[in-house]
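Number of protein chains: 2
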Amino acid sequence: MDPSLDPNFVPPLEVPEGSVPVMQPPAVDMPPIVELALDEDMVPGEGKNDDDSVPRPRGGSNNASRISLGDLEEIPRGISRQARSLDDYEFPTYRLRTRLKDPEKHPLVVVACGSFSPITYLHLRMFEMALDAVTESTRFEVVGGYYSPVSDNYRKPGLAESHHRVRMCELACERTSSWLMVDAWESLQPTYTRTSLVLDHFNEEINVKRGGIDGRKARIMLLAGGDLIESMGEPNVWADADLHHILGWYGCLIVERTGSDVRNFLLSHDIMYEHRKNVLVVKQLIYNDISSTKVRLFIRRGMSVQYLLPNSVIHYIRQHQLYINDSEPVKMVLTK
Amino acid sequence: MDPSLDPNFVPPLEVPEGSVPVMQPPAVDMPPIVELALDEDMVPGEGKNDDDSVPRPRGGSNNASRISLGDLEEIPRGISRQARSLDDYEFPTYRLRTRLKDPEKHPLVVVACGSFSPITYLHLRMFEMALDAVTESTRFEVVGGYYSPVSDNYRKPGLAESHHRVRMCELACERTSSWLMVDAWESLQPTYTRTSLVLDHFNEEINVKRGGIDGRKARIMLLAGGDLIESMGEPNVWADADLHHILGWYGCLIVERTGSDVRNFLLSHDIMYEHRKNVLVVKQLIYNDISSTKVRLFIRRGMSVQYLLPNSVIHYIRQHQLYINDSEPVKMVLTK
Numbered sequence: 001m002d003p004s005l006d007p008n009f010v011p012p013l014e015v016p017e018g019s020v021p022v023m024q025p026p027a028v029d030m031p032p033i034v035e036l037a038l039d040e041d042m043v044p045g046e047g048k049n050d051d052d053s054v055p056r057p058r059g060g061s062n063n064a065s066r067i068s069l070g071d072l073e074e075i076p077r078g079i080s081r082q083a084r085s086l087d088d089y090e091f092p093t094y095r096l097r098t099r100l101k102d103p104e105k106h107p108l109v110v111v112a113c114g115s116f117s118p119i120t121y122l123h124l125r126m127f128e129m130a131l132d133a134v135t136e137s138t139r140f141e142v143v144g145g146y147y148s149p150v151s152d153n154y155r156k157p158g159l160a161e162s163h164h165r166v167r168m169c170e171l172a173c174e175r176t177s178s179w180l181m182v183d184a185w186e187s188l189q190p191t192y193t194r195t196s197l198v199l200d201h202f203n204e205e206i207n208v209k210r211g212g213i214d215g216r217k218a219r220i221m222l223l224a225g226g227d228l229i230e231s232m233g234e235p236n237v238w239a240d241a242d243l244h245h246i247l248g249w250y251g252c253l254i255v256e257r258t259g260s261d262v263r264n265f266l267l268s269h270d271i272m273y274e275h276r277k278n279v280l281v282v283k284q285l286i287y288n289d290i291s292s293t294k295v296r297l298f299i300r301r302g303m304s305v306q307y308l309l310p311n312s313v314i315h316y317i318r319q320h321q322l323y324i325n326d327s328e329p330v331k332m333v334l335t336k
Numbered sequence: 001m002d003p004s005l006d007p008n009f010v011p012p013l014e015v016p017e018g019s020v021p022v023m024q025p026p027a028v029d030m031p032p033i034v035e036l037a038l039d040e041d042m043v044p045g046e047g048k049n050d051d052d053s054v055p056r057p058r059g060g061s062n063n064a065s066r067i068s069l070g071d072l073e074e075i076p077r078g079i080s081r082q083a084r085s086l087d088d089y090e091f092p093t094y095r096l097r098t099r100l101k102d103p104e105k106h107p108l109v110v111v112a113c114g115s116f117s118p119i120t121y122l123h124l125r126m127f128e129m130a131l132d133a134v135t136e137s138t139r140f141e142v143v144g145g146y147y148s149p150v151s152d153n154y155r156k157p158g159l160a161e162s163h164h165r166v167r168m169c170e171l172a173c174e175r176t177s178s179w180l181m182v183d184a185w186e187s188l189q190p191t192y193t194r195t196s197l198v199l200d201h202f203n204e205e206i207n208v209k210r211g212g213i214d215g216r217k218a219r220i221m222l223l224a225g226g227d228l229i230e231s232m233g234e235p236n237v238w239a240d241a242d243l244h245h246i247l248g249w250y251g252c253l254i255v256e257r258t259g260s261d262v263r264n265f266l267l268s269h270d271i272m273y274e275h276r277k278n279v280l281v282v283k284q285l286i287y288n289d290i291s292s293t294k295v296r297l298f299i300r301r302g303m304s305v306q307y308l309l310p311n312s313v314i315h316y317i318r319q320h321q322l323y324i325n326d327s328e329p330v331k332m333v334l335t336k
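Respectively, the protein sequence lines represent chains A and B. Heads up: the first sequence begins at 1 in full-length UniProt numbering, then just goes up one per residue. Heads up: the second sequence begins at 1 in full-length UniProt numbering, then just goes up one per residue.
Honestly, the hints are just simulated from the structure, not real lab data. Careful: at least some of the hints might be erroneous.
Since copy identity is lost for identical chains, a pair holds within one copy or between any two.
[What the hints assert, rightly or not] Calculated pairs, DSS-like style, for lysine-lysine (alpha carbon to alpha carbon, straight line, at most 30 angstroms):
1. Lys217 - Lys156
2. Lys277 - Lys105
3. Lys101 - Lys283
4. Lys294 - Lys101
5. Lys294 - Lys283
6. Lys217 - Lys294
7. Lys217 - Lys283
8. Lys105 - Lys156
9. Lys217 - Lys105
10. Lys156 - Lys283
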């Protein structure tokens with residue numbers, strides 16, 4: 001039997017030949033190092049992307065130089081906000097690590113594509129699960145994580161305007177994470193951008209323009225929930241060429257919903273099976289059923305959505321009266 | 001057929017005769033009104049319980065008088081921390097509402113008993129679900145919510161010292177909620193305190209010592225997850241007299257786990273069926289499987305627990321190195 005068919009088999013997530021050759025570090029102006037570790041004090045950054053409109057730690061300069069552990073949740077640190085037009089667009093790198101902790105490992109950048117209307121704790125949690133899985137099962141080291149909200153041209157019901165969705169993702173990342181960022185590039189495109197091209201954009205920004213991470217080309221991988229993966233099995237949703245590009249050139253971290261069977265799906269899907277070594281299945285050990293659709297419905301019904309998404313995002317939604325007057329037809333979103 | 005057996009029947013949650021008679025408001029020094037509503041600016045309280053050790057909004061007095069919406073998540077507002085000994089114990093009331101928004105309604109105080117080792121987003125979310133259900137289906141108005149962590153004498157595996165558990169609950173409430181509080185009374189008792197006596201304590205503090213809320217005796221109700229309710233069906237766990245006291249005199253808000261069938265359980269349980277009008281089943285519309293046991297296990301394994309509980313609690317756990325060296329036998333806590 002092919003060992004990769006064993007239910008306990010963990011694919012080795014190898015770098016496909018030729019796709020991410022190790023290069024000498026180019027002479028590129030690198031952003032400051034931001035550590036992933038939660039237990040390190042974070043100091044407000046002074047990156048060139050900093051924006052005066054960004055909230056700052058309150059208090060005089062005397063006590064603002066170091067932020068205590070207890071405040072990590074609350075205070076945006078050296079953040080840079082995304083522009084609202086392509087003219088002013090800059091790729092965010094303020095939390096992209098520039099050094100590998102373990103020089104034996106390969107740098108990995110994780111990208112989540114989706115609507116994020118609104119972002120929820122499940123979207124945030126997925127990155128943490130992926131980080132644990134990559135650390136545990138691969139020779140890669142995660143050096144950055146990005147949300148790439150889809151543009152308004154996607155025209156999905158319940159889609160708030162893209163600048164709202166970008167800002168909500170930013171609020172969530174700024175205030176709860178020490179490594180996640182938001183890239184507005186896809187959301188700013190005048191037309192819908194295929195996921196393969198979004199990943200090309202990340203490759204271009206990180207590996208071509210910036211020469212990779214710590215002297216190596218970074219692997220870019222798509223972080224996907226079970227829904228996205230299932231859509232890959234539906235006809236006429238994804239072009240074969242795109243799937244080959246996404247799975248063969250980049251790769252995919254699939255968060256497996258408890259009860260679903262991603263591995264069987266992988267086995268049944270010709271293109272995915274071909275590229276199975278570029279697919280890492282991340283098991284969801286704590287089941288979580290939060291969906292943006294349910295969150296929008298709760299808001300419409302005047303129900304509490306607290307603890308389903310960060311408070312900062314809830315306040316933003318209230319402030320901008322998002323979703324409250326939605327009239328999207330709500331399919332059967334409530335569990336039995 | 002008894003209409004209460006209909007699967008769509010919502011029990012009216014009536015006040016049992018004689019248990020909570022309406023009284024004239026006594027001359028009691030009441031704490032400042034703290035609104036439940038999230039969309040109202042919160043001003044740091046100046047209650048007598050205030051403690052200088054409590055974190056304050058950063059910034060000069062010029063800008064501290066009003067806290068912007070975006071900061072609600074972050075800044076503790078007029079909070080009072082619980083003492084670490086019974087001698088210094090004071091019942092916390094700084095977020096207990098003193099006025100009903102709707103004078104036609106009955107005041108209701110919700111109490112959650114448990115280990116909270118550590119508190120998670122599910123523990124926090126349960127209160128929000130209960131609040132929505134009470135508002136939607138009853139003639140009660142929630143005027144306060146309390147966590148009552150069990151004392152160390154409970155001797156359950158994985159139980160961090162009670163002062164840690166109290167503080168973690170406090171951190172979670174202070175920084176994420178505008179209405180939840182923590183009462184250390186039960187945790188400070190030299191022996192294990194039965195739940196019926198814990199509810200008596202709340203009744204004593206709120207209805208006897210303080211004369212109720214807005215001129216009326218407040219209903220005290222136990223907020224319980226499915227596990228606690230199922231334990232009520234097991235022999236030798238609860239004394240019948242206690243169940244009669246809890247369900248007859250007070251009442252119970254049961255958060256029903258998706259897939260479980262609390263209503264059938266209610267039907268089968270003689271004492272619960274007798275008091276079914278004091279039981280409100282709160283449906284969990286978004287399934288969530290976070291458990292403290294899993295959180296402790298993840299911590300032991302060095303895995304991320306972010307977005308399963310507030311960051312402030314995660315930092316506290318790291319700071320005090322809780323759970324990391326636990327050796328409790330972990331039963332099969334991972335979902336298949």
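Outcome of the hint check:
no. : hint            : in the structure
1   : Lys217 - Lys156 : neither (35 angstroms within a copy, 50 angstroms between copies)
2   : Lys277 - Lys105 : within (17 angstroms within a copy, 61 angstroms between copies)
3   : Lys101 - Lys283 : within (25 angstroms within a copy, 46 angstroms between copies)
4   : Lys294 - Lys101 : between (39 angstroms within a copy, 28 angstroms between copies)
5   : Lys294 - Lys283 : both (23 angstroms within a copy, 14 angstroms between copies)
6   : Lys217 - Lys294 : neither (39 angstroms within a copy, 36 angstroms between copies)
7   : Lys217 - Lys283 : within (27 angstroms within a copy, 49 angstroms between copies)
8   : Lys105 - Lys156 : neither (39 angstroms within a copy, 41 angstroms between copies)
9   : Lys217 - Lys105 : within (12 angstroms within a copy, 64 angstroms between copies)
10  : Lys156 - Lys283 : both (28 angstroms within a copy, 29 angstroms between copies)
Consistency with the previously given hints fails for numbers 1, 6 and 8, ordered from lowest to highest.
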